[in-house]
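> Take a look at the letters that make up each chain.
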Amino acid sequence: MSSASTSESKPAPPPVEKIKVKVDGREVEVPRTMPDPLTGKPLPTTMIQACALARVDVPHYCYHPKLPVAGNCRMCLVEFGTPALGPDRKPLLHPDGSARIAKSPRPAIACATPISPGMEIYTATPAVKQMRESILEFLLINHPLDCPICDKAGECRLQEYSMDYGEAASRLAEPKVHKPKRVDLGPRIVLDDERCILCSRCIRFTRDIAGDDALGFINRGSYSTLTAYPGRVFDNNYTLNTVDLCPVGALTSKDFRFQMRTWFLKETKSVCTSCATGCNILIGSREEKIYRYVPRQNDGVNSCWMCDYGRLNYQWIHREDRLVEVQARRGAALERISWAAAIAELAGKLTATPAGSAAVIASARQTNEELYLLQQIARKLGALSDSIPRAGEPDHLLVSADRNPNSTGARWLGLASDPLGARLGEIARGVESGRIKTLLVFGEDVTRNGLPAEWLSRLELLVVSDILPNATTSLAHYLLPGCAHAEKRGTFTNVKGRVQRFLRAIQPRGDARPEGEFLRELAERVTGRPQPVSIEGLFNQLARETPAFAGLTWSSLGDTGAEGRL
Amino acid sequence: MPQEHRQILKHVDQPGYTVDVECYLRHGGYATLRKALALAPKTLPDGRTASPPEQLREEVRLSGLRGRGGAGFSCGMKWSFVDRKSGKPIYLICNADESEPGTFKDKQIIYKDPHQLIEGMILACYANDVRLAYIYIRGEFAEGARILNRALAEARSRNFLGRNVLGSGYDLEIHVHRGAGAYICGEETGLIESLEGKRAYPRIKPPFFPAVLGLYLCPTIVNNVETLCAVRHIIALGGAEYAKLGTPNNTGTRIVSISGHVRRPGYYEIEVGKATLGELIFDPAFGGGLREGRQLKAVIPGGSSAKVFKAGEKFRLKRKGPDGKEAERELELLDLPYDFDAIIAAGSMSGSGAIIVLDDSTDMVRALANLSEFYAHESCGQCTPCREGSLWMAKALRRLSTGQGRARDADYLTHIADNIPGGRTICAFGEACSWPVQSFVGKFKDEFVARGAADEKRRAEEARAAAAARSLTPAAQPEAAGL
Chain B
1 MSSASTSESK PAPPPVEKIK VKVDGREVEV PRTMPDPLTG KPLPTTMIQA CALARVDVPH
61 YCYHPKLPVA GNCRMCLVEF GTPALGPDRK PLLHPDGSAR IAKSPRPAIA CATPISPGME
121 IYTATPAVKQ MRESILEFLL INHPLDCPIC DKAGECRLQE YSMDYGEAAS RLAEPKVHKP
181 KRVDLGPRIV LDDERCILCS RCIRFTRDIA GDDALGFINR GSYSTLTAYP GRVFDNNYTL
241 NTVDLCPVGA LTSKDFRFQM RTWFLKETKS VCTSCATGCN ILIGSREEKI YRYVPRQNDG
301 VNSCWMCDYG RLNYQWIHRE DRLVEVQARR GAALERISWA AAIAELAGKL TATPAGSAAV
361 IASARQTNEE LYLLQQIARK LGALSDSIPR AGEPDHLLVS ADRNPNSTGA RWLGLASDPL
421 GARLGEIARG VESGRIKTLL VFGEDVTRNG LPAEWLSRLE LLVVSDILPN ATTSLAHYLL
481 PGCAHAEKRG TFTNVKGRVQ RFLRAIQPRG DARPEGEFLR ELAERVTGRP QPVSIEGLFN
541 QLARETPAFA GLTWSSLGDT GAEGRL
Chain A
567 MPQEHRQILK HVDQPGYTVD VECYLRHGGY ATLRKALALA PKTLPDGRTA SPPEQLREEV
627 RLSGLRGRGG AGFSCGMKWS FVDRKSGKPI YLICNADESE PGTFKDKQII YKDPHQLIEG
687 MILACYANDV RLAYIYIRGE FAEGARILNR ALAEARSRNF LGRNVLGSGY DLEIHVHRGA
747 GAYICGEETG LIESLEGKRA YPRIKPPFFP AVLGLYLCPT IVNNVETLCA VRHIIALGGA
807 EYAKLGTPNN TGTRIVSISG HVRRPGYYEI EVGKATLGEL IFDPAFGGGL REGRQLKAVI
867 PGGSSAKVFK AGEKFRLKRK GPDGKEAERE LELLDLPYDF DAIIAAGSMS GSGAIIVLDD
927 STDMVRALAN LSEFYAHESC GQCTPCREGS LWMAKALRRL STGQGRARDA DYLTHIADNI
987 PGGRTICAFG EACSWPVQSF VGKFKDEFVA RGAADEKRRA EEARAAAAAR SLTPAAQPEA
1047 AGL
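Protein chains in written order, with our numbering: chain B, 1 to 566; chain A, 567 to 1049.
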């Protein structure tokens, strides 16, 4: 999990007292308390947090910064000492005035042991190394060692630490413990109990974060077995996070398992588009094919999690019926034409459109940059514009009631009404009455949103850009194939006004082009105003011109985004 | 001549002594409780006023009582750690999960004198301002739980429990909770988890010290059955008077469970340190010696998890002489006084007071295999070293004791056992499962090596014989080979 900076713009908490500790001989100043991952209440800073602040890596399996501490794997055992006290309870000093340290005879788990002023933590002693080696040996004796067929291979903590602390050969002379294989834990998860190292991360996640106490251990000792409670199925909208959390290959995603070795995957920083929360993700792709989304840590948005729906909502990108041709209606039929011809014809027709006779249905799934270009065209045409809302049930964790990824951007850029869709009726009446003769539709099937096919057929010009075919695309006079977010770059503004950028993971199919590219050409021709060529330049320009984005630049967004002015 | 000093077991096994409250009252029962409840606030020399509970706690501190469950931790100190300012209720739990192999002392109290335990508990609760207490009893003591529940009902009906105990204004309720048969429930934080209705996974300390974050994350005292009975006698006698029993720092009486190869296995209550291991094993008043013609081979001095002593071992211990000066003395195993400190100084522990005697008929490999089997079965499985190590050792010992050994198995076992204890595990079970292996293999290594070497030799011979038989087969049937 990548470490991410938090750029929450909440009021700063009161300053926390700092204390000095030494990590492997280097003094660091760390806060005395740090917020509890669940409640936010201050808890004493632990050794592992102090080590992280000192940029010293302490190997661990069960510890996770976003979960309650369990302390069961014992991989993070370290040695430590505290200032020695004399009989008068005053610190004993060396002749040079430095504090004498009383080294603890027993090690401590770094994940649960609070630090104290003057404490010295030793993570690199021979004793610590020996303890790590022994823990790893214990974890591996009953492990099936089936890395060649394990989906976790390449991102497995057992593998990683084996490189540092593992033995080449096993000492075990007894038969291994056998446990259930291929356990169908729920609709999206398969469990291999033999690979499980019983760290309880999944149990803690689903109980304490997802709020679905579905998993537990049965049996005792080395026979302990992870399972869903009898009669329960592990099925909530966050189950796949346990696959990420699983430090080994015990929990695997039915969607991803056996599809691709992880080390072949190119990882692209992106944002989930399934709702307005805008969970940060990594797109795993290889050779223009997406294999998975995994959450990317952003403490201002999604912590380390994402919902199962959003995670699996990528298959449509590879659908066979993707729109891959630029088409224009010649008589009754749609014919394939070139982008150059389409842009030229459209520019001509739009320039000739009388003011007030056009309307634009922008999509709240379009990027801020695309919406900005579309907004310039709409203004030039004096067009009515709006976007179509998508609503659903919100949940307690991440899912927003707004299922569009960029409703905020559409509103901020002046294309959509507030609330979204308030002007749709007016547009529909305009089309029905024939007052509106030109309609630009982006990424929406308007026939399902108050504009029946019969009314659309009255239009003189219907320009549709979309990714997949639908009733509206079949009626288009000009059909412009667009791109999924994974195929382009841009920014979305989430429900809380956080502007987040995403990068291109794969190339678009066929003639499909990122909407920003052809909208730029069209906008230049319709408005006569040159537009920046790059997405970076476009964003910077829209930020300069749009008050809600004031002060933001593409580079200032960083990997985790920045908040606009709501 | 060492003698039993029956204090807790004073009436137990006397003809006519029964578990009902009338019998207990006839024998002076609940008089100590009445005395304690009648205490008035006392002005101390420094001008402060000590409330009756504070006075009781002071008596327990003065008594020097050390916990009888296994760790031998000072009871007064344990009580002093309790967070009394949190505003949360304070709970007291009687640990009646007596499960350490070889230990059967608490059972005598529960089954034969339940009211003594209840009186001790009420006193301890009153001393610590506890309003709700639990007796966590091991599941196998089904009859014991029934006896305790009957006794609690009797105590309630006579207002020793319930609202306004004996008109004192103090309210107390005690509930019996039966375990489900897991050894780890005797570990105090595992017990607390179990009492909360969860798997008995011991808690990590820090932060979950029971005195601060115990049952339902409230301050909690967990005391052993025998410890709580001792509290009753401390309050009856006065702490200073009680401290005269036993030896310095090892005060009072304790019940010793003697089992194994002795003529008179059983439970014996002694003044702590006033009898030696040898006396407990050989004296006619105690174990009564070994069977005819047998020699002592080993002694496990404090429940099966304690490190074994080998017959004839000698120890150099610092002991206070009659002149009060500390001097190093060499002591034979059998001359070790049976107390907390001497047994620890000799490298083991008196633990739960269970002495297991092994004579020369004992196969140490099989004995250890048996012990390890128990600990592998009882490891809760929460933390890695104990979970994996306990079963690994048990499997290796099963192999070694069933003819599949190797000469290097002794080192193999030591290697595993060395990686479990010493703060690497969440609770002391890591020590409990590795100490027997470390000590058995360490002190009887030749036996383990010889067993493995013999197995290797026999298997090599068998393999040679099998190979020879294979090479002979075609020659014996030439026509078959010719086909």
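In case anyone wonders, no lab produced these hints; they're calculated from the structure. Each residue gets a CB set at the ideal place from its N, CA and C atoms; glycine is no exception. Be aware that a few hints might be false.
[Stated by the list, open to error] Some chain A residues close to chain B (C-beta under 8 Å, calculated; not the full set): (1) Ile770; (2) Gly913; (3) Ala942; (4) Ser956; (5) Arg990; (6) Ala994.
> Now tell me if each hint is right for this structure.
Against the structure, the hints come out as follows:
Against a cut-off of 8 Å between C-beta atoms, the interface hint on isoleucine 770 of chain A holds, since the closest Cβ of chain B lies about 4 Å away. Look at glycine 913 of chain A: its Cβ only gets to about 16 Å from chain B, farther than 8 Å, so that hint breaks. With a least beta-carbon distance of about 6 Å to chain B, the hint placing alanine 942 of chain A at the interface is held under the 8 Å criterion. A least Cβ separation of about 6 Å between serine 956 of chain A and chain B falls short of the 8 Å threshold, and the interface hint therefore holds.
The criterion of a C-beta within 8 Å of any C-beta in chain B is met by arginine 990 of chain A, whose closest approach is roughly 6 Å, and the hint holds. Because the beta carbon of alanine 994 of chain A sits about 12 Å from the nearest beta carbon in chain B, more than 8 Å, this interface hint is broken.
Consistency with the previously given hints fails for numbers 2, 6, ordered from lowest to highest.
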